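Asks: These are the residues of each chain, in order.
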Amino acid sequence: DGGITQSPKYLFRKEGQNVTLSCEQNLNHDAMYWYRQDPGQGLRLIYYSQIVNDFQKGDIAEGYSVSREKKESFPLTVTSAQKNPTAFYLCASSIGTVNTEAFFGQGTRLTVV
Amino acid sequence: QKEVEQNSGPLSVPEGAIASLNCTYSDRGSQSFFWYRQYSGKSPELIMSIYSNGDKEDGRFTAQLNKASQYVSLLIRDSQPSDSATYLCAVWNPGGFKTIFGAGTRLFVKA
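Order-wise, the sequence lines are chains A and B.
Per the working numbering, residue 1 is the first one in the first sequence, and the count goes up by one each step.
Per the working numbering, residue 114 is the first one in the second sequence, and the count goes up by one each step.
Bound conformation, chain A alone:
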């Protein structure tokens, strides 16, 4: 089955730790995205990538980093510089970045303990 797989589903981070959220897609989509969702709020774009080895900052990139070494994979690292990382993180992909629908993974819920 084609789709987007995020792991883990739940993640707990201690203060000062870096953590990496995985996102893999087998839809052969060129574009991939990371969004953050806080309770009662819409999705805010963290980073996006249109092609392999290239990515751009979204609206709230501070404290996050990404890589796009393979078309299928777009991992997100939440660094210790992100002061309020507790949120629901969503990875998405689309055929391209122009006028196309995005399809989402099941999300990772990150909690700072």
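Bear in mind the hints are in silico, worked out from the structure with no lab data behind them.
Among the hints, a few may not be true.
[Claimed, not checked] Label pairs and their computed distance ranges (CB to CB): (1) A:Gln106 / B:Asn120: 26 to 36 Å; (2) A:Asn28 / B:Asn135: 28 to 38 Å; (3) A:Asp54 / B:Gln183: 30 to 40 Å; (4) B:Glu116 / A:Pro8: 28 to 38 Å; (5) A:Thr20 / B:Glu116: 29 to 39 Å; (6) B:Ser125 / A:Val52: 39 to 49 Å; (7) A:Arg44 / B:Arg173: 26 to 36 Å.
[Unchecked claim] Sample of chain B residues at the chain A side, in silico, Cβ under 7 Å: (8) Ser156; (9) Leu159; (10) Ser162; (11) Lys211; (12) Phe214; (13) Gly215; (14) Ala216.
These numbers were taken from a predicted model, which means no experiment stands behind them.
Every residue gets a Cβ at the ideal spot worked out from N, C-alpha and C, and that includes glycine.
Following the hints, position chain B against chain A.
Replies: Same frame as chain A, but now just chain B:
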């Protein structure tokens, strides 16, 4: 002014009624418009996309777009309790080359 605005709700309708969800956007250059449904604790799923003025129907769902008024809406006919969810309006912005999401409208369908 937010780029994409939705009434947060909750919007409550009885089973079998028509639910009307509304969205306004600020950038006149916006070209593509999407409605996503998100159940509590789950990820959004695309239910409708619309690109030109007018209505687009898909089963019980109708999307309506009025670019002159910068307004897009979603009608759900014969609402079912399983339609209870948060509905996110999303707008593709060619200037920023990205999709912008509204905060969503919570819909409750009472049995």
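Asks: Which of the numbered hints above does this structure break?
Replies: The structure breaks none of the hints.
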